[in-house]
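*Asks:* Using the hints, position chains B, C, D and E against chain A.
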Amino acid sequence: MLLALAEPTTTYYLILAALVFAIGSVGLMVRRNPLVMFMCIELMLNAVNLTFVALATRFGNIDGQTAVFFVMVVAAAEVVVGLGIIISVLRRRPGATADDLAELKG
Amino acid sequence: MHTALLAADPLLDTDDWWWQVLAIVAGKVLAIFVIGLVGTMFMVWFERKIVSGMQNRVGPNKAGPFGLLQTLADGTKLFFKEDLLPDKADKWVFRLSPFLAFVPAFLLWSVIPLGGDFTNGNDGTVEMFGYETRVQLVDLPIGILLVLALSSIGVYGIMLAGWASGSKYPLLGSVRASAQMISYEAALGLSLAAVLLMSGTLSTAGIVQGQDGFLNWNVVATGFIPFVVFLIAMTAELNRPPFDLVEAEQELVGGFNTEYSSIRFALFFLAEFMNVITMSAIMVTLFFGGPQPLKLGDLQLGGIVEDGNIFAWAGPLSGTIWVVLKTLAFLYAYVWFRATLPRLRYDQLMDFGWKLLIPIALGWFLVLAALEMVRDRYDGWEPLAVTVVISLVVLGIAYGLFSLALGVARRTREKEGAAY
Amino acid sequence: MELIVFVIASAMVLAGALGVVLRSNPVHAALSLVLTLFGIAVHFVALGAHFLAAVQVIVYAGAIVVLFLFVLMLLGIDKSEDLSIEPFPIQRPLAIVIGAGLAGLVIAAAVRARDALPEGTPLESGGDSNIKQLAQNLFSDYVFAFEFTSVLLIVAVAGTVMLTRKEKKGGES
Amino acid sequence: MLAQDTFFTAPEIEWWHISPMLTLVGGALVLLLVGALTPRWPRGLYGLVTALTAMTAGVLAFLQWQEIDDDGPATLIDGALAFDHLTQLLTIAICAAVLLVALVTIDELDIAGKDGPEMYAMFLIAATGAVVMSSANDLIVLFLGLETLSLALYVLAASDRTPRSQESGLKYFILGGFASALFLYGIALVYGTTQSTNISEVAASFTTNVSLEGDPPLILAGLALLIVGLGFKVAAVPFHIWSPDVYQGAPNQVTAFMASVGKAAAFAAMLRVLVIALPFQRDDWRPAIWVLAVLSLVFGSLLAAVQTDVKRMLAYSSVSHAGFILVGVEAAGHDSAGEGMPSVAVYLLLYSILTVGSFAVVAIVAHSNGGDSSIGAFNGLASRRPAVAVALTVFLLAQAGVPFTTGFIAKWGVIQAAIEESSYALGIIAMLSAVIAAFMYLRIMVSAWLTDAEGDVARETVPFASAAAITAAALFTVVVGIFPEWLLHAAESVTQYAR
Amino acid sequence: MHDELSFPILTALVLTPAIGAVLIGLVNSRQAQYAKLIAAITSVTTGAMAVWLTVEFHQSDPDFQFVSKHPWIEEWGISWHLGVDGISLFLVLLTGVLFPLAILGIDPHNDDTRRDKPYFAWLLLLEAGVMGSFLSLDLFLFFVFFEIVLVPMYFLIGGWGYEGRVYAATKFFLYTMTGSAFMLVSIMSTAFIASRNGVSGVTFDLVEIAENADFAASTGRWLFFGFAIAFAVKVPVFPLHTWLPDAHTQAPTAGSVVLAGVMLKLGTYGLLRFGLYLFPEAAYWSRYLWLGLAVIGIIYGAIAATMQTDLKRLVAYSSVAHLGFIVLGTFAFTSQAITGSVMQMVNHGISTGALFLMVGWIYERRHTRQIAELSGLQKVAPIFAAGFMVIMLSSIGVPGLNGFVGEYLILIGTFLAEPWYAAIAATGVILAALYLLWAYQRVFHGEPGEANQNFAELKLKEAVTLLPFIGIIVFTGVYPKPMLDRIEPAVDRLLGHVEDVADFEAPTPDEPVIVEHDDTDETEEGDH
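Residue numbers (our numbering), protein chains in the order written: chain A, 1 to 106; chain B, 1 to 420; chain C, 1 to 173; chain D, 1 to 499; chain E, 1 to 528.
Next up, chain A with everything else stripped away, as it sits in the complex (with noise of 0.2 Å):
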């Protein structure tokens, strides 16, 4: 068939994983909502993921998958330890922004 033709090659993934990334990296700079800069790292943290199980399943190496595994369990821990900060922050004041927390200026 036509369509199988044009299957999607290893390098399709690793542009969208590029894409991914650079847009997460991006928002973390733009954006100033503490959890929201959060996210975009988390996105980050997905392309990378996306780029491993690709290249994995190109080379037949079950290694990238398992590195995948433990970027999950980083993610995990990273989110607990995250949100742990954020709520201490944020349960001081409400609504603080990146640019709120301007204590400390040099």
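Don't take each hint at face value.
Quick list of simulated restraints, FRET-style, between CB atoms [as the list claims (entries may be wrong)]:
| # | chain 1 | residue 1 | chain 2 | residue 2 | range |
| --- | --- | --- | --- | --- | --- |
| 1 | D | Gln66 | B | Asp347 | 52 to 60 Å |
| 2 | B | Met373 | C | Ile96 | 54 to 62 Å |
| 3 | D | Pro11 | B | Val220 | 49 to 57 Å |
Calculated directly from the structure, the hints in this document are not laboratory data.
All residues carry an ideal CB built from backbone N, CA and C; glycine is no exception.
*Replies:* Frame of chain A, contents of chains B, C, D and E only:
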């Protein structure tokens, strides 16, 4: 990559897949849809009828025979009600969330084995229009994980509904709900892990296949405790009484769906009851052998009862009958809970989940794993006995430490003021 | 067939990713994130990583984003952010340039490497084999890493308790 | 089920060789468990247990030194970890820093009135992460170590319930997460070229695999991302933006910990990734490191010189120290196995101890001034507390790189390594930035020795444990500064790394 | 060689003041009076050892004597290598003599006696550093001492100086540190490049490298300039001199004495010992640059001194001029000129040191250094004025006093090689007479104003301090032979080394080769 996507069913492995296959799949989808809707309708009626029976009332009895069409009537009424959209609501999310609750409930049906012959090592496939297939929509290699996944997605519907309403009580309800569901998911997962340890597979069909004979039913094989934990955790996941704090009328008005009306409310309602059915079916699949018959020894009664299967006369449908019967038992249990058990307080709910269910599930899982390992490596009963003794000692120590920790925490709390 | 799946899932991923960045309401951003996560889960399935697909949904969508939403709701910080205000005028163009550079770097590398990427024998993907392979790899080559994640999780738990536990006197409720 | 997989073989685990790590984790668990189950321990006992744990771990690492001399470096647990002198040296450095930090923490927590086991446990776990980073022979293991360390540091930075501390924790967390993601993406792309995350295999793939000759594009992109990610972690300009805020806002003992253990681990990771895993790309990464080094040196010193808060000043100075260490890394990126790696290892060890001492003094001064760590708080220190002023002077002179202190040895080492590889420009820039930095250290010394305090300032209280830590660090700084031979000799062997 | 000498005299010279500093550090702050006692004892002991060293010195031996060599950091090829020859001998002696005088001659103007303690500690540390610098024969060791010197000096200026002290101290520090930065890189490069060119293994040993290394011309020049920048700042050579007037003016009197007396000599000594000895070719190649800068320095220093209104600043600028002479002599590459330079280093230390001391006494009495506010001091304090006169004349270079010997030798030696430079430099001598005598006239002659009426006469303590200065000035001026006998062999050896490597022949008075030499130079250095 081809095979990767479609390795879910022997049906799809055939090389010459064409419209017949498509038709079979479409038929299955349709069947599940119908079963789901009709089953839910029936469930609502069933619940009301049983509860009223327990409370010495009559219950619905006007619409249709025995009031069977009562749900239909209610639904029709809901359809024609005005569709309210609160002023402060987040319109987009407000509209989305009923579907987020409803869709996962439906999708769950796809991995439940609804029938098929699993006896004597058969793999549960049946012939359908000349094709080998299963009596379930798909048999994913990660089937049971899909259940977990979808049940965790189900949180979204409730959570967002409460938030999007732009009102205090629904928000409180949904925050409660999500905390509750996340908390109990851990216990759910741990008791599930015990099942997976015994089955050695994640596929639902595989799990069913492994439960040939009553002693192999996971409820027995895993030592009953995982089942109890699973049942309780599942009840909490479903926000069913006695864990229905989400919609505690006295405190929160209607809970997360206070602001909903008309068809959107109907969708929540539908999802809730459908979830009860699907979860019961999953419990049957996991612990009670799904379509596996409850064998009465080797009883043979010429065509009617074979190999102890009293529904052998139904032929290929015997599995389905077993599933339905077992599921009904659970449905009855749920209604029974609702009618008899008082609702928990919120802190009790949390304590119960974190301090009782999770430790028990975890401890039991570890014991099972130890036993399984010893059984694999050594012969005879002595090593097993030693393992059991050691496990008990370890668990005892762990329990001691745990209660010590709880005691210390309580004392500290009393001394230094309440913890967060 | 694969292409259709790819296109649809990629659309989900990209739309979600853009949503995270562009939606002013943090809850909407979180929902967009869920969309992306699902898209990536679909990609995982298409790539034969069934187990990871499931874990992706369970861990990311089922736990992580739910936690996000939970915090958003608990703290009531779900106010929309006015994205038209730009605190530092140069920041956005700069961020976009950096982002574009990042994407350009990797995309250029990926495109140039497309023929050089070695292609191995595909992994078995029937039945449980994906999970089995993963498990074997996890408990042989990566056994240290696997055990070490326990330390990581201890940090996470102990740390969060340390952060959010209420202090002896006063403080916030 | 388990026995079915006949082709599955569990790797052998060298318990003795990972004992330093196990000791640290064990200490943390003991603190967390026993600490939670028993009533408050007497003052300082938590810290003492921590210090003992760190010491035990350090001694264990030290005991294994000779073994490597005899049997050569090796990899552990199926190639997950490297067992070589680099690992041992950095482990010892980390343990020493933890020991000193633990002593300082005793007093810090006492002053804050919240003695408890959690912070010590976090220190120990973070140190475990750092040790894992310095011994990782697999990029994934390295990443996990990095995350363990980072997560602990985020928490520690935010652990004080003041807005500043929490803010510093949040900033550190967001930027740290960003860096981790970049680093991870780099690992993914390296995997995309070499089909492995194991450092031995990564390095080997460039010698065995013919198709990989002539730098494959993916690895270049991966390298760029890895360098940026590592740049964040070591706080090299322009990726240093988090460090001043975080250093200033975090509690004193945590800042000391970050500057010592955090930096050591980050550079260990850099050595592992760049020098050990990707030596065949050295011509690609060396220029980048060169640029980072120069920027860090120049801007670190310049920005430090204009600060008014001493903690912030030391933060920038740690940026410039990072620049110096990068000079050593750059030197390690030349073809000949020169002095680069030993100089970096020595620098890390010496700097760790030095910086803990500096921050301990700053803490003492800040506390008596109501938490004020601005430079004015140091006015007249010499007349109030001459001994403290002397210790401060020793540390600052050492940081400035004045002879007869460890700082001089450290700087001499890295610059010598650079000169040996003919990086004259780098050497000159490093020295010139040292001049600017020295000016800043002198400012602090001037206010301590030569400026009188305005009004009546209370005499600083010098708690015992801090005093012990400061004395130890100062003695080390001077004695090793005069007799560095043994350390240099020991560090010589880090070029014999396991892979 | 003094192998028979069991006592490590050079090590003792370095360590004694350092130990003294540590001892002072241990003294209780409330008993600060002991600080001065310790300082006096240690510095006098050091001075006595320096004198003893001079007596024991074998005058005809051109090599390094009293050598003490112990491995220190073998890993890097670094050793504790000390030695003294004719060039450094008198600088060591000068250091040994000047420090006790500076310590005893004038007290720091401290309000709080507790501050005496760090003052003396820093001074002794400074002495140790200076001694070490003059004695080290290891590049690493030299750098260490060269750097160490900065810290005490910084604190002395910054802590006990006058109004603009912090600015002056910072400027001083930054200038010299910047110079050192280049030197450090040069030192390392020298060691490594030497190890590839003739020297076995990486070593920082000066003699080893100087005798064995064979640098390519361009490499040698780069390395030479790395060293030279550091020394040029320290000297200071003309465009890099701006830190000096500030530092001198703001420093406490003892600081000025030490700064002018010995610390500036670190630069000129360094040029001789490390510039010429290590890189003869490069030094010779760049001589016109140095000669030019030296001449500019002489003239510029003189003119600037003329225009000063502050007495101390005037003396400071006169230092710039005098050091120009020393540099001129160094790069004339004749035996007489270099001997004169070494001589002049010592003389300048004595005379300028004494001048600063006396200016300090004036300030103590009048709390001003402005020439305009002082007048007629001769009337009220004739002995004081007489002492000042002697020292001033020595500084001008009047025959019969020490200044004459050095300047004369320099000019003669330079004239042999580069007559034009010598001629211009000679005008500097006249200018020196002009500005110093004019200053003397303005300050000491005339009628004492009201404020100057009570100007106190020279006190006994001051007189005791001043006597050694005048004694040395007169003795050296009348009978310079003992000094010259000891300096010359070392200088000749050095010059011989330079001639060997740089491949030229230094002109001697017996065989004037001026014309030919100039011609060859012109062709060699056409683009210079």
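*Asks:* Please go over all the hints and tell whether each is borne out by the structure.
*Replies:* Now the hints, each set against the structure:
no. : hint                             : in the structure
1   : D:Gln66 <-> B:Asp347: 52 to 60 Å : holds, 58 Å
2   : B:Met373 <-> C:Ile96: 54 to 62 Å : holds, 55 Å
3   : D:Pro11 <-> B:Val220: 49 to 57 Å : violated, 36 Å
Going through the hint list in order, the structure does not satisfy hint 3, though it satisfies all others.
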